[in-house]
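Chemist: The hints should help you fit chain F onto chain P, whose structure is shown.
Here the protein sequences come in this chain order: P and F. Residues 1 to 540 (my numbering) make up the first sequence, in order. Residues 1 to 697 (my numbering) make up the second sequence, in order.
Everything labelled a hint here was simulated from the structure, so no lab data went into it. The reader is advised that the hints may include incorrect statements.
Under the rule of at most 20 Å between Cα atoms (straight-line distance), these lysine to any residue pairs were calculated in the SDA-like manner [as the list claims (entries may be wrong)]: (1) P:Lys376 x F:Gly553; (2) P:Lys499 x P:Pro377; (3) P:Lys529 x F:Glu124.
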Amino acid sequence: MTRERFDPITLELLWTRFISATDEAAAALVRTSFSTLVRESYDFSCIITDESGQSLVQATQSIPSFIGTLPATVKHFLEKYPIDKLQPGDVLITNDMYQGSGHLPDVNLGKPIFYQGRMIGYAATCAHAPDIGGKIRSPEPREVFEEGLQIPIMKMIAAGEVNETLVDIIRKNVRTPDQTMGDLWAQVVALDVMEARTIALLKDAGLDNLRDLSTEIHTRCEAAMRTAIREVPDGVYRSALDIDGQLDAPAHLEMAVTVAGDTIDIDFTGTSPQVDRAINSAMCFTFAQTVYGVKCMLAPNLPNNEGSFRPITIRAPEGCIVNPVFPASGGSRMLTGHFLGSMVLQALGQVLPNRVMASPGSPHWGMNQSGVKNGKPYANMLFYSGGIGANSLRDGISCLQWPGNTSCTPIELAERIAPFRIKYKRLRPDSGGPGEFRGGLGQEILFENRSETPIAVSFLTEHILYPPLGIAGGQPAACGILEINGQPAHAKRQHILNKGDTVLLATPGGGGLGDPKLRNGARVEHDLKQGYITDDAPYR
Amino acid sequence: MSGLSLAIDIGGTFTDIVVYDPQAARHYIHKEYTTPDDPARGVIVGVKALLARDGIAPSSIKRVVHATTLFTNALIERKGAKSGLITTEGFRDVLEIQTERKYELYDIFIEMPRPLIPRFLCREVPERMTETGQIEIPLDLDAVVREADALVAEGVESIAFMFLHSYINPAHEQAALEIVGRRHPAVHVTASFEVAPEIREYDRLSTTVANAYIKPLAQRYLDRMADQIRELGIDGPFLLMLSNGGLTDVAEAKRTPIQLLESGPAAGVLAATYFGGESGVDRQLAFDMGGTTAKASLVDDGEPVISYVFEAAREKRFTEGSGLPIKTSTIELIEIGAGGGSIAHLDELGLLKVGPESAGAMPGAACYGRGGTLPTVTDADLLLGYLNPDFFLGGTIRIDPKSAEAAFADLVRKTGMSVIELAWGIHDIVNENMASAARVHIAKRGRDPRRYTLMATGGAGPVHAYHVARKINLRQAICPPGAGVGSAMGLLMAPARIDRVASMVSLLDGLDWKTFEGAYRALESDASDVLSRTGADMSGYQVKRYADMRYFGQESEVVVALPPGPYTAASRDAIAHGFEKLYRELFVRTPPAVAIQMVNLRVSVSAPVPGGGMALRGSRTGSAADALKGHRRVYFPDAGGFVESAVYDRYRLPVGAQVAGPAIVEEKESTLVFGPGAACEVHASGSLVVTLPVTEG
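The shape of chain P in the complex, shown without the other chains:
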């Protein structure tokens, strides 16, 4: 069978139109969703795949956590419901931690697309639900069962007929039944948009299916990624890291990046075993976060599809903290997974010194509070980030999320939502790792509880025991600090605050790059004048 060829113009046009189809679907999802994570933080993804589950396009605004997860989920859909068990009007659903995106709030929906009587592809979307039941988000759940409702792969809609039993079960198990179901219907709207646009595009382009187009796209992306990898000298590059983990029992991450010709193999052998806390990073999330690092470094402009990632293999021993097995919990998977992209940078940075940044003060920190405000129960999460690592062109940026990307709640809103007075929110001088290029600064925020009734707080923190490291002679950043009433507090346990109690969050800075002694004197002067550093000792 001969494959249809696409010239550089036809392909560009078709591709643009398919991207626009997923962007339209994303707009529909954002418009109809209740979740602020979807609406403000783009914590979702929309894709169109060919009949085998290979993705052609992904919506432009979509965070890195979903790289490769949704196409993999579609393949799981196809395993359980092969083509002969699918009908027009079906919508499949799952939030399985291992077959989805690594934690239960992310709900995946897929709709097979039929054209000229044949199944020719899939529209799929994943979005962070407002609530999925279970324990309020913290690192404490020991098993996935504590984290909420699990929905196995099944038909939410079968040939247009809604599975009302499933809907009832979902509604009964979540704190926000209207919002959670509302968001699922918003996802269905997005699927319908992608289905309609795909069919119109096939008609317009005179194509019978998506296979040739998908092959063309993947072939080109794969070739571009291979070209990028070929520029990296062959070798085995290692990166190892101790992280806070459960604090009482830190975890160890170990990565060996083998570059051979135009392929990269990343192996996590040597990494700590999975733990009975919700900080395990399921393999799907491990994949997404790891290839994020590769992409940032080698091919930041390449589209996210399997073609781009075909030359990359990622392996981790079963049962380790980056490839846990059922029923390990993973609600706070980012506390482990958010290190992986940076580890790739540190490993390959040994041979690509001009494309690297030192370790950022990530994952970002969070404070979850629940209690009673104005007589009503409330729960809320506030996020604060650390500094970015220095790179080979310039100093790291202060207080910026990486790799996550949720915006920080403004102080004036936070004081309305939560019963806190925020005393200060300021840069932490000297928290950036010294270097020829200095790491970005972390920040310190002091909260005072004004609630008459006690409130419970839990935290997402890292880098309290181990600082973000420098690179190429750059020095580490300052560690993070959590204090309650001026005393160090255990960051992985729940605490109760009474009126007048204070909480200090001091997020870590980013690591430095290069020998600080080589830093341009004018930059040191500038840092002193601006108060980014208070002491130039590391630079003398």
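Modeler: Then chain F, alone, in the frame of chain P:
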């Protein structure tokens, strides 16, 4: 009796000057190169040239209306005044910490917008307001004086004040403003409650600081322009266009120049709105394509869509979140793609891409023969026969097809495709990019794109309108008179308009209706005071009330047009219904049983300006045949390639004339292109109305 009006629009490359004579219903256009070192110079040269050319006496001009990109450029180039900030103790880093969110996910070398004020000039003073507006820590006035003195000693020309929760109680900002204003009368001062009294400290601060930063420059520039215009012998009022499409006087413009950032593009949308209305169209996709950029805005029910936040000085073009947030009311303009100067190239995947790199004004497109060697959209348009080598900008610039063709050599070699295939590819890809962006933008508002009419302005807009409109499946495209100087035309038809905003965070069902009504009255009285000073005709005074509303627990609001006041408890249902109706329109469904919350109150007052408005009449003499300049071969893939197409002179096409595609209509500043199956008719207002062949889908 009404005199002549003079419109001046200073853009990046050209300064457009238009004089409108209401008695004769005629307009006169002149284009002058912008003089960035002293923009007033180019204006004066241009105005003199136009007046001399058309024999117009300066004294017959009774009104001058002005738009400029000067302040936007000062932000982009960071060329404003050395400024300082005084803020609440503990929070001076709000300016640098920003939103903590990246605008680009995969770029580890990302640069965030650099604050307009460096950290050492950001000073803190003890004071604290609570979220309900109670004073928790009184303002330390000694500290204010101390810090202001220190800033002045550092040489700042302008000081910004922003205290937490001042949107609800500005007492501390007022006190600080007063004491510093008295002590340092030569220093410019801006407080956040004056420019953006809205909750969310970073957005409010960013707006306040940007205003402080451009204020000294604005004052000098506007005074100089006013003087120069008087020296020309013109003594009518001098009015400025605001980003929201309204006019204001010099005093208000000098106080809050931040309201003028998007004045030129806003005026362009007004022109499109006006001419669309004349042709009986109420939903428009205003499409303005110039040399470096293409922008789109929506006009719904005859009104341009207004946005209450936009970004200035983006670090990365087309990338949301990479600029400085500015909270002022602005006609919503979406950058949807590249302009005529955008360069085509092959990317790392071997695909043909157009832009975002642009050849700009210098060297410009390869066909300009000024040293450009890379293929641009303009080069492609020329090779496809859309542009006339002998009549580009009315023949003032000669463009050369040979140079254009030579610029394609590298692409031809790499792709094995012909020059014409590539030229069409460039034209088609640019159109697809713009059509896709417009489709997504319309989808975000929950509207059906097919109900819109494309209004094409800008030098390249009418060249691309036909194919863009077909891609979005629109039925109609309109090319208004003076399409190539749309912004200057828009200046002539704007009303005076003043917008005001105040925060009032309260559940709808917990409102104190007296306070609520009082807040609107206070805003209206402040706004109408300023309005009456602009010389507007207050007999045509109009007031509109809006509110930013949301469901309790949400983090973002929608802006709802409210019924006219006065409000009492009986107004509750009408306000709630207005919100729910808009919410459903935007987001399909409303959540069940969630309380509605007010966040900000807004008013917009407007009144016509004497001598404003415009009635253009197309010529009524002659026939289409008289306007035929000749024929040339023009590329229309629908017709199988190059086809012999009629070329018309727009200035000689009479009202009612009908022209069938494929055809070209040329005017000095632009060229309208339409293909086979399309039919064009000259409307009574002078607009060219193109009915498009209907495609399926």
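Chemist: So, for every hint listed, does it hold in this structure?
Modeler: Hints versus structure:
1. P:Lys376 x F:Gly553: 13 Å, holds
2. P:Lys499 x P:Pro377: Holds, at roughly 17 Å.
3. P:Lys529 x F:Glu124: Distance ~16 Å between P:Lys529 and F:Glu124 Cα, so the pair holds.
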